[in-house]
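Engineer: Work out the full structure, taking the sequences as your base and the hints as a guide.
Top line first, the protein sequences correspond to chains F and X.
Note that the working numbering numbers the first sequence so that position 68 is 68, with each residue one more than the last.
Note that the working numbering numbers the second sequence so that position 369 is 747, with each residue one more than the last.
One or more of the hints may lead you astray.
To be verified - With a straight-line cut-off of 35 Å between C-alpha atoms, the simulated DSBU-like cross-links for lysine-lysine are:
# : chain 1 : residue 1 : chain 2 : residue 2
1 : X       : K682      : X       : K394
2 : F       : K312      : X       : K518
3 : X       : K468      : F       : K344
4 : X       : K710      : X       : K690
Bear in mind the hints are in silico, worked out from the structure with no lab data behind them.
Number of protein chains: 2
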Amino acid sequence: MTNKTFKFEIVYQSTKSRARVGRIHTPHGIIDTPNFVGVGTNGTLKALDNVLLSTIDMQLMFCNTYHLMIQPGADVVEQAGGIHQFINRKQPIITDSGGFQVFSLAYGGVADEIKSKGTKKNASSVLKITEEGVIFRSYKDGTRLLLTPETSIRAQKKIGADIMISFDELPPYHITTDKLRRSFDRTHRWEKRSLDTHLLHPSDQALYAVIHGGIDKALRKQSCAILRDQAFDGFAIGGSVGKNREEMFEMLEFVMPELPTDKPNHLLGIGDLESVPKMVPLGIDTFDSSHPTKAARHGLLFTKQGHLRLNKSGNSTRFEPIEHDCTCYTCKHYTLAYLSHLLKAHEPAILTLATIHNVHFMMDMMRLYREAILRGDI
Amino acid sequence: MTNKTFKFEIVYQSTKSRARVGRIHTPHGIIDTPNFVGVGTNGTLKALDNVLLSTIDMQLMFCNTYHLMIQPGADVVEQAGGIHQFINRKQPIITDSGGFQVFSLAYGGVADEIKSKGTKKNASSVLKITEEGVIFRSYKDGTRLLLTPETSIRAQKKIGADIMISFDELPPYHITTDKLRRSFDRTHRWEKRSLDTHLLHPSDQALYAVIHGGIDKALRKQSCAILRDQAFDGFAIGGSVGKNREEMFEMLEFVMPELPTDKPNHLLGIGDLESVPKMVPLGIDTFDSSHPTKAARHGLLFTKQGHLRLNKSGNSTRFEPIEHDCTCYTCKHYTLAYLSHLLKAHEPAILTLATIHNVHFMMDMMRLYREAILRGDI
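Structural biologist: As structure tokens, this is what we get:
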């Protein structure tokens, strides 16, 4: 472990599956696991300010170092007294390394890249990958920027989240074995340099490694072996885990037993409602996804009966909450009829209200999962 | 007076000017005057839900009948139990007649029409004006709709705001004396029919007349004479009052003494910070404007020192509230640095936070005006 404040406590290990209930202790409080992590790229969930968000008890927020480095800049966040102070959030925050965005902006995201069969969408944003790091162009003003393990960790330290993530390369799904291997080796050297940079000036922050190896099981196993022996505080699962849900779960079933059980793990960027029931028995502790907030902004509301499309005509006269037993701000105060009216009238207030409901739904669902594990049902 | 719940009480009449402090009693509580009325076209301020808005104590909200008739429809609002229930607002609401939108969509708004010198922007939306009313096309689906004094008042009764406004025609600024006269006569027949329709089924709702006459003082005077003898509960000042602020104030100085002092008056659609100090001494009781909310969405914040442009580079490191003595939700919780970051990062949360501040500023400013009148300063 790289610091003393960060601690992972396993409350209960299922005997039926790898599912477990845990508590991640951080400088800004506890994260009950398994749990959903909302994406607040620029230091806020889309359309939901952090004080109103605090009524939901979303225990961990995922912020993007790449975005924060470009706007407002890591120095400004540091000057503000760190990210929590800057954005007025009292609860834990995790930042990524920035690597994901650099590469996903180049390839247009994992899903897009898979669809495009490897054709680069915006190749010019990544100018060069060297042993040192990656040179890319800022989407904001075209400036040439160098991102390395050292600059990423230094930026993450200025930002000051509770959990940081090592700098890694995101190799595309469509890649030759040879190129994957070269990327794999470099990524693990970059992660080691990330850890070394962190340990030079240790702080209250924790640092997660990122498990790589693409869709090659031998490489994934080797990645776990390389990283579990280093002083990382936890493990994120990154890179392309598969081109569809089946491939992803086959890989996760293979990878999860290779990870040490006494450290928390995080699945990067997956959190759709179909995947969660399969992730929990695998022992995934936390996972981030912008799906619940993005769905909300498109008028897709989460309910125990499945997705509810707000713009369906029948909703116009449903003078009742989205869900009768939901205790969220939106359900306590507004009816489906009014929410569907706001959507149809293109009123921005709907973005906030729908987002609150979906994030609250995720929090509630994860609480039920934790209870089910404790009861021995999973 | 058309009903018993509605009452206007003059708390203090200045001896220095026509300024007065009053209280409008409505079924949903008191409106202290003079006061600013925020525009919630579709039953919400833009980007601010009504529960969060309720922390600001904005005592009167202006909703647009035209928009509510088209979406979700007056029947749906009635089914919901009326507008307060539908949108979850406990405090008073005023609706206009729908006439303004029909004509302003045709002419593209008063300001646009003045600039365009009378060229119709979207002439096809108003299909025909007859003695009966106006036939127009719905912007939503192209349906032909007939709006008359009777249908407007019936819709406003279904909507159920505390204060309704008579159906009138909005003649363009550029109009011949002859056409203005014809419009003037018809408007006053329409207003009489509005009142008659209201009195057929009187309710807790109040009904304001609209003073017309364009920029012709003799007509304005005649309008006051025609309308003050009828059982209206208050008076709105409508139509083109002038092509600029000077012309408007010259006209208002002329019109205000023609209105009965024992009934409340409302200035339609004017509320920029430069106009308010001139409006108050004239005895204007309420005025609605979308300026404070629109300015907020463009990153223009109101302060006692004048407008503050959020995207000015200096704000990036101002780790302090917009105004130190402001008690609004935004100033209590966030710094200028963070707000300017949200704006630059195009985060929708800024729309909500900036709106809260500007509306709170207006409420605070109007409270200070009332105090100044009571002290004898205005």
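Engineer: Going back to the hint list, which numbers does this structure go against?
Structural biologist: none
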